[in-house]
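Residue-level listing of the chains:
There are 2 protein chains.
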Amino acid sequence: MTQQKRTVFYLSDRTGITAETLGHSLLTQFDGIEWETVNVPFLDDRGKANEIAAQIDRTAERDGLRPLVFSTLQQPEILEVIKQANCRVYDFFETFTRPVEEELHRPSARKAGRSHGLQHRLSYFKRIDAINYVLAHDDGVNPKHFSQADLILIGVSRSGKTPTCLYLGLQYGIAAANYPLTPDDMTALQLPSVLENVRSKLFGLTLTPEQLHFIRQQRRPNSEYASLVQCQREIRWQESLFRQCNIAHLDATRISIEEISAIILNRCGLKRQLYG
Amino acid sequence: MTQQKRTVFYLSDRTGITAETLGHSLLTQFDGIEWETVNVPFLDDRGKANEIAAQIDRTAERDGLRPLVFSTLQQPEILEVIKQANCRVYDFFETFTRPVEEELHRPSARKAGRSHGLQHRLSYFKRIDAINYVLAHDDGVNPKHFSQADLILIGVSRSGKTPTCLYLGLQYGIAAANYPLTPDDMTALQLPSVLENVRSKLFGLTLTPEQLHFIRQQRRPNSEYASLVQCQREIRWQESLFRQCNIAHLDATRISIEEISAIILNRCGLKRQLYG
Numbered sequence: 004m005t006q007q008k009r010t011v012f013y014l015s016d017r018t019g020i021t022a023e024t025l026g027h028s029l030l031t032q033f034d035g036i037e038w039e040t041v042n043v044p045f046l047d048d049r050g051k052a053n054e055i056a057a058q059i060d061r062t063a064e065r066d067g068l069r070p071l072v073f074s075t076l077q078q079p080e081i082l083e084v085i086k087q088a089n090c091r092v093y094d095f096f097e098t099f100t101r102p103v104e105e106e107l108h109r110p111s112a113r114k115a116g117r118s119h120g121l122q123h124r125l126s127y128f129k130r131i132d133a134i135n136y137v138l139a140h141d142d143g144v145n146p147k148h149f150s151q152a153d154l155i156l157i158g159v160s161r162s163g164k165t166p167t168c169l170y171l172g173l174q175y176g177i178a179a180a181n182y183p184l185t186p187d188d189m190t191a192l193q194l195p196s197v198l199e200n201v202r203s204k205l206f207g208l209t210l211t212p213e214q215l216h217f218i219r220q221q222r223r224p225n226s227e228y229a230s231l232v233q234c235q236r237e238i239r240w241q242e243s244l245f246r247q248c249n250i251a252h253l254d255a256t257r258i259s260i261e262e263i264s265a266i267i268l269n270r271c272g273l274k275r276q277l278y279g
Numbered sequence: 004m005t006q007q008k009r010t011v012f013y014l015s016d017r018t019g020i021t022a023e024t025l026g027h028s029l030l031t032q033f034d035g036i037e038w039e040t041v042n043v044p045f046l047d048d049r050g051k052a053n054e055i056a057a058q059i060d061r062t063a064e065r066d067g068l069r070p071l072v073f074s075t076l077q078q079p080e081i082l083e084v085i086k087q088a089n090c091r092v093y094d095f096f097e098t099f100t101r102p103v104e105e106e107l108h109r110p111s112a113r114k115a116g117r118s119h120g121l122q123h124r125l126s127y128f129k130r131i132d133a134i135n136y137v138l139a140h141d142d143g144v145n146p147k148h149f150s151q152a153d154l155i156l157i158g159v160s161r162s163g164k165t166p167t168c169l170y171l172g173l174q175y176g177i178a179a180a181n182y183p184l185t186p187d188d189m190t191a192l193q194l195p196s197v198l199e200n201v202r203s204k205l206f207g208l209t210l211t212p213e214q215l216h217f218i219r220q221q222r223r224p225n226s227e228y229a230s231l232v233q234c235q236r237e238i239r240w241q242e243s244l245f246r247q248c249n250i251a252h253l254d255a256t257r258i259s260i261e262e263i264s265a266i267i268l269n270r271c272g273l274k275r276q277l278y279g
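So the sequence lines, in the order shown, correspond to chains D and V.
Heads up: the first sequence begins at 4 in the numbering used here, then just goes up one per residue.
Heads up: the second sequence begins at 4 in the numbering used here, then just goes up one per residue.
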């Protein structure tokens, strides 16, 4: 199949998060296409819509193929302007709103900005509290508060603990601490004593020695710390430890932060809800 | 209109992020319904599908109304099992895959886990680098590296700088620093000198004195710091400063972190792409 070059527009009244998430999900299912992406959030008046319609037409001419448009526009008159341009429009609300209205026997409000607006003060504070907890309990700091954690990630340096904890805090309001396993711990096959009383909250992150070596090389090239031998030693030891102590763990080598987070929440039975 | 109580299931082969984003966007358009949410990620075999179908049937009986199901299931045989249950299914891929296939003249791969899987090593490292930058330049730390920032948020204590920077780093790979404006700076209507050379990167976060007072009260109840008078003084001063120095700024009082981030990226002309 020949390589195609196509352009995709994400159009939204507000943040564009929904349009982009949905469109991305669909387009990653198609191989062999090189995508150029144009994000247009806050598209909320006809003047702007006319400009974007003109940009779509110019792009269609340049590419020799009409752009795809994923839209979460709530105002029909704005969407109408876009539909006049040379493009294929996939509108999420237009597609699903009526079927959902039928099921719920009531009309949709059709108002912009509801999905990622701030509606619940309580969940906002829960989220901020979780982020503060993550920041105050990163990399083994303040282990005396570990009993308040929802979850404690453990693993060797550069195994992905910090980004995962931040994601869990920001997206899910989870109070996630993390504690590094260091070569000093490696003298015995036992948990650092500070983790003994919080075993039920522990979750291990591991990865292949090759990937760990690759990541550490970016940070401290050609150090003992980054050497493949040292990475092999640390990974072998921590995986034995996880098995020996019966600690749930995950090989995160080829997984995104989103997937790591979803898997951990699922395995630990923690409530996962993006929009709490 | 009477208050309804309904249940919604989010079913996915993998993380469930797409299913939940879609359903949440739609359902927030309907008022007067109390939703119970059931998230089922990693639904990838028939045995599990049978269990979920039974759970859906029990829920329908309990609620007296059939559940809504938002699905991004890629395997038709799993989706078929769910469709036998007493529910209304909105399947995202079933709805959109064929129309997109028609437009692209090629078949969809119909494979699970593509959207939030790890495909591009480079964008992974960009994201991790951005998070590391944010953590190393929070709350005015290391201002000597501010020239490397994509963006520097400024504002008084508790104006939302840190969560916004973390979100920008995690989701968009933006190297966002932040610098607190403190009462010590208030002796003059001028920028702290350390910000003078990076003016073009500055963005101000403000909020109403009442909201700032409310937030600070959670942190240090009945302190001088949290008093309404002090909050009014700091906000009045910082908003004058933003105007005087011509610094783009935003009143974040009733806006979510997602919206604040999208608005900032839009106003600063920074490339915003969730899936880079």
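Honestly, I wouldn't trust all of these hints.
[What the hints assert, rightly or not] Derived list of chain V stretches under chain D, where covered just means 3 residues or more per stretch with a C-beta under 8 Å from a C-beta of chain D:
#1 14 to 25
#2 28 to 36
#3 85 to 97
#4 162 to 173
#5 259 to 268
[Unchecked claim] Residues from chain V shown here face chain D by an in silico Cβ test under 7 Å; the list is partial:
#6 Val41
#7 Pro44
#8 Val103
#9 Glu106
#10 Leu107
#11 Ala112
#12 Arg117
#13 Phe149
#14 Thr211
[Unchecked claim] Quick list of in silico lysine to aspartate or glutamate cross-link-like pairs, EDC-like style, CA-CA up to 16 Å:
#15 D/Lys8 x V/Glu106
#16 D/Lys51 x D/Glu80
#17 V/Lys8 x D/Glu106
#18 D/Lys86 x D/Glu104
#19 D/Lys274 x V/Glu39
#20 V/Lys274 x D/Glu39
#21 V/Lys114 x V/Asp48
#22 V/Lys114 x D/Asp34
#23 D/Lys51 x D/Glu37
#24 V/Lys8 x V/Asp66
#25 D/Lys129 x D/Glu106
#26 D/Lys8 x D/Asp48
#27 V/Lys86 x V/Asp60
#28 D/Lys114 x V/Asp66
Don't read these hints as lab results, they were simulated from the structure.
All residues carry an ideal CB built from backbone N, CA and C; glycine is no exception.
Tested hints:
no.: 1; hint: 14 to 25; verdict: holds (count 8)
no.: 2; hint: 28 to 36; verdict: holds (count 9)
no.: 3; hint: 85 to 97; verdict: holds (count 4)
no.: 4; hint: 162 to 173; verdict: holds (count 5)
no.: 5; hint: 259 to 268; verdict: holds (count 7)
no.: 6; hint: Val41; verdict: violated (10 Å)
no.: 7; hint: Pro44; verdict: holds (5 Å)
no.: 8; hint: Val103; verdict: holds (5 Å)
no.: 9; hint: Glu106; verdict: holds (5 Å)
no.: 10; hint: Leu107; verdict: holds (6 Å)
no.: 11; hint: Ala112; verdict: holds (5 Å)
no.: 12; hint: Arg117; verdict: holds (4 Å)
no.: 13; hint: Phe149; verdict: violated (20 Å)
no.: 14; hint: Thr211; verdict: violated (13 Å)
no.: 15; hint: D/Lys8 x V/Glu106; verdict: holds (13 Å)
no.: 16; hint: D/Lys51 x D/Glu80; verdict: holds (12 Å)
no.: 17; hint: V/Lys8 x D/Glu106; verdict: holds (13 Å)
no.: 18; hint: D/Lys86 x D/Glu104; verdict: violated (24 Å)
no.: 19; hint: D/Lys274 x V/Glu39; verdict: holds (13 Å)
no.: 20; hint: V/Lys274 x D/Glu39; verdict: holds (13 Å)
no.: 21; hint: V/Lys114 x V/Asp48; verdict: holds (14 Å)
no.: 22; hint: V/Lys114 x D/Asp34; verdict: holds (11 Å)
no.: 23; hint: D/Lys51 x D/Glu37; verdict: violated (27 Å)
no.: 24; hint: V/Lys8 x V/Asp66; verdict: holds (7 Å)
no.: 25; hint: D/Lys129 x D/Glu106; verdict: violated (32 Å)
no.: 26; hint: D/Lys8 x D/Asp48; verdict: violated (30 Å)
no.: 27; hint: V/Lys86 x V/Asp60; verdict: holds (11 Å)
no.: 28; hint: D/Lys114 x V/Asp66; verdict: violated (28 Å)
The structure fails hints 6, 13, 14, 18, 23, 25, 26 and 28 (numbered hints given earlier, in ascending order).
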